[in-house]
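Chains V and F are the protein sequences, given in the same order. Here the first sequence is numbered in the numbering used here, starting from 127 and rising by one per residue. Here the second sequence is numbered in the numbering used here, starting from 199 and rising by one per residue.
Bear in mind the hints are in silico, worked out from the structure with no lab data behind them. As the structure is a computational prediction, the values presented were derived from the model and not from experiment. For glycine and all other residues, C-beta sits at the position ideal for the given N, C-alpha and C. Do not rely on the hints blindly, as some may be mistaken.
As the list claims (entries may be wrong) - A few chain F residues facing chain V, derived, Cβ under 10 Å:
no.	residue
1	Gly-208
2	Gln-227
3	Glu-242
4	Lys-249
5	Ile-266
6	Lys-267
7	Leu-272
8	Lys-313
9	Gln-314
10	Val-317
What the hints assert, rightly or not - Coverage of chain V stretches by chain F, computed from C-beta distances (three or more under 8 Å per stretch; other residues unrestricted):
no.	stretch
11	150-164
12	186-196
13	210-216
14	254-268
Each chain, letter by letter, is given below.
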Amino acid sequence: MQLDILISQFQKKDEKAFEQLYNMYSDSMHGVIYNIVRDHEIAEEVMQDVFIKAWHKSDSYNSKKGRFFTWILNIARNAAIDKTRSKAYKNTGKNLNAEFFVDILETSENLNDKVDAIGIGKYVKALGEKCKKIIEYLYFKGFTQKETSEELDIPIGTIKTRNRNCIKDLRAMVLE
Amino acid sequence: MDIKNYIESGILELFVAGQLTENENKAVQEMMLKHPEVLQEVLEIESAVIKLSSAMAPGDNKHLLQLIKDKLQLGGKTVKVVSIEKSKYNWITYTGWAAALIVGAGLLWTLNQNKQLEVQVSDAEIEKAYLEVQIENAKTDLAAKEHLLNVLRDRHIIAVPLGGQGNFADSYAKVYWNKADNSIYLDAQGLPNAPEGKVWQVWSLTLNPLTPTSLGTIDNFNDDDNKIFNIANANESQAFGITLEPAGGSETPTMEQLHTLGVVAQP
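Model the full assembly from the supplied sequences, consistent with the hints where possible.
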């Protein structure tokens, strides 16, 4: 598979492979990070940290343990969350409790002028409130199923199928 | 296992979200390899999440790649690093050459110094050899003089002073005659150097009648330092005289040129 070769080259510190992977995942990671830190400059800082970390820790990725996207998503989420816990960040006085990814898509905060993003924003609005939150928690905040179930006040046993249905809806919207 | 049910269970969505345990991940991975539709499902889930999150990106991030590569010292930065290394290399090279030149110059200087020292040593050797010769000469000289002294001190020696004659009143000489070995030692310090074409000739004389017998000419008189000459004399000499004769000597003494004369004292 193409991606496997790319990743193994990246793990051998191939610069071109690194660039390609960056191009494949940077927008996504940028979105995930920004969704957490909600500051353009800090998001750019964390972006650099994430890809530098990915370069240095490339050995720690093992395809048997999961998707490369999942691996780098994990690094990005953790780095962004760590950032929000730093003193410097807390001094910015941001209140993140009420923030959801959907806000970004719905407001002028999103400077991404890609047609895709505008279109997606329109569709995502149509997602159910529970779906928006379940996707937010499981994918963009890295909550466990248990944490998600507690947060949404729904039984843990239903998280899996609820999420399945939400992603199905999302796929229908963004992949057409 | 029913693949459709497996897919519908929602495990693949959790797999992409990174919500599964290590063993569950492995199981999904195996299913993906066995069943292309599972893989396809995973790719679509991932793709949807990537699209959604990409739409959340607040702006372009292409410029960040360069910053990241700079921090990792990749790409363009590498060229800079190379140029720094190159200049370092040049610095080392120049220093190396400079050091080599200094060492080379030092070596030449040392070689030159060595050559000079060798010349000095060889000069010293020559000086030493010369001094050794001088010492040897001095020793020989000393031995000769000691021998002479011993000769003169010999109790059998007869000392005959020769006084200046006529126009040559300032001249003098002494003869030390050892009858035991039939030889005389002539001390001719009181005589001037023989002029060009002339030579001193020593005579043994008997007085009644006056009969001169030549003891020979002193050919090396002018060159001799101590002016003491050992001359054989087997005659019953009664007196000794020294005349200046033409080079080669004469049969009979030229009386006008008799410089010194001394009579052997009778015991």
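Hint-by-hint comparison with the structure:
no., hint, in the structure
1, Gly-208, "holds, 3 Å"
2, Gln-227, "holds, 5 Å"
3, Glu-242, "holds, 6 Å"
4, Lys-249, "holds, 4 Å"
5, Ile-266, "holds, 5 Å"
6, Lys-267, "holds, 7 Å"
7, Leu-272, "holds, 5 Å"
8, Lys-313, "violated, 60 Å"
9, Gln-314, "violated, 62 Å"
10, Val-317, "violated, 67 Å"
11, 150-164, "holds (count 10)"
12, 186-196, "holds (count 7)"
13, 210-216, "violated (count 0)"
14, 254-268, "holds (count 5)"
Consistency note: the structure conflicts with the earlier hints numbered 8, 9, 10 and 13.
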